[in-house]
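What follows is the residue order along each chain.
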Amino acid sequence: MTIKIVDSVFDPFLEIQDFQTQLALNGKFGATSIFIGTMRDFNEGDEVHAMTLEHYEGMTQKQLEKIITTAKDKWTILEALIVHRIGDILPSEPIVLIAIWSVHRADAFEACRYIMEELKSNAPFWKRETLSSHQTRWVLKNTGSK
Amino acid sequence: MITITLHYFASLREQIGRSQETLTLADSITVLDVWQYVHQTPLPDNTLIAVNMEYVERMHYICDGDEVAFFPPVTGG
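These protein sequence lines are chains A and B, in that order. For the first sequence, our numbering gives the first residue as 1, with consecutive numbering after it. For the second sequence, our numbering gives the first residue as 147, with consecutive numbering after it.
Think of the hints as simulated: they come from the structure by calculation, not from any bench. For glycine and all other residues, C-beta sits at the position ideal for the given N, C-alpha and C. Heads up, a few of these hints could be off.
Said to hold, decoys possible - Calculated pairs, EDC-like style, for lysine to aspartate or glutamate (alpha carbon to alpha carbon, straight line, at most 16 Å):
| no. | chain 1 | residue 1 | chain 2 | residue 2 |
| --- | --- | --- | --- | --- |
| 1 | A | K62 | B | E200 |
| 2 | A | K66 | B | E200 |
| 3 | A | K4 | A | E65 |
| 4 | A | K141 | A | E54 |
| 5 | A | K74 | A | E118 |
| 6 | A | K74 | A | E117 |
| 7 | A | K4 | A | E15 |
| 8 | A | K72 | A | E118 |
| 9 | A | K66 | A | E79 |
| 10 | A | K62 | B | E213 |
| 11 | A | K141 | B | D191 |
| 12 | A | K4 | A | E57 |
As the list claims (entries may be wrong) - Residues from chain A that keep clear of chain B, each with C-beta distances beyond 10 Å, as calculated:
| no. | residue |
| --- | --- |
| 13 | T2 |
| 14 | L90 |
| 15 | M116 |
What the hints assert, rightly or not - Under 8 Å between C-beta atoms, here's a sample of chain B residues computed to sit facing chain A:
| no. | residue |
| --- | --- |
| 16 | P218 |
| 17 | P219 |
| 18 | G222 |
Please model the complete structure; the sequences and the hints are all you need to start from.
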C-alpha cells in the first residue's frame, strides 16, 4: 500500500510502471485496475484555466489509509497505489491515480471504484478554480458517482 | 483547563480570515459549542468537523490537546 501526495505534475503510467517493478508479486497477480482523474478545462458551464488543490496534511494520508484498509477487508487486494496532486494544476494534467493489483479482476475493479468514491467523499482536498475571466471560485461539492 | 487548537480550511478559512488559533476553556464542551463560542454565529450547515484528523459529529466533546478542524465539503479527486 502506497499513498503519495505530490505537488508537481506526475505521469500516472510511469508511477504504475515504477510501482509494479518494485512489487514482489511477479506471477502472483492476474488483474490490475486503474483509475486516472484528469483536470478538465470546463466546469459548471464555464471555461476553467487553472486550479489549485489544497489539502489537510496528515488527515489526508490518515483517511486514505483508512479507505484502503476498509477496501482490503471487503476484497482480496494484493497491492494498492494512490497518487494525488496538490498545488497549482492546469487542464489535462492528472489529478489522481488509483491502481489496484489482485488475483482476479472483480476484486481489482470493485476495490478501485470503491476507493475512488470514498476518496471523493472523505479525503480532505479542496479545489479552487480560476476561470477564463480570472475570477476564482471554490468548487462547492463533488459530483455523485458519475 | 483545556487547551485546543482550531484549524480552518479552504473557503471557510478565507471567510474567517485565519487558518488556525488556540483556545483555552475551563471545561470540555462539544465541537459545536466551540464554534459558537469562538464565532458567535451558527455553524454553516454543510461544515465538516474533524478532531485529531478523524471525522466527528457536532456533539463530540473535546479533550485537552485536541486538534479541531472545521472545513467545507471535500472536493478532491
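Against the structure, the hints come out as follows:
1. K62/A - E200/B: Within the cut-off at roughly 8 Å; holds.
2. K66/A - E200/B: holds (10 Å)
3. K4/A - E65/A: Distance ~11 Å between K4/A and E65/A Cα, so the pair holds.
4. K141/A - E54/A: holds (14 Å)
5. K74/A - E118/A: holds (13 Å)
6. K74/A - E117/A: Between K74/A and E117/A the Cα gap is close to 15 Å, so the pair holds against 16 Å.
7. K4/A - E15/A: holds (10 Å)
8. K72/A - E118/A: Holds: K72/A and E118/A sit about 13 Å apart, inside 16 Å.
9. K66/A - E79/A: holds (15 Å)
10. K62/A - E213/B: holds (14 Å)
11. K141/A - D191/B: Holds, at roughly 13 Å.
12. K4/A - E57/A: Given pair K4/A, E57/A holds - Cα atoms ~12 Å apart, limit 16 Å.
13. T2: holds (17 Å)
14. L90: holds (17 Å)
15. M116: violated (6 Å)
16. P218: holds (7 Å)
17. P219: The hint holds - P219/B has a Cβ within 8 Å of chain A, the shortest such distance being about 5 Å.
18. G222: holds (3 Å)
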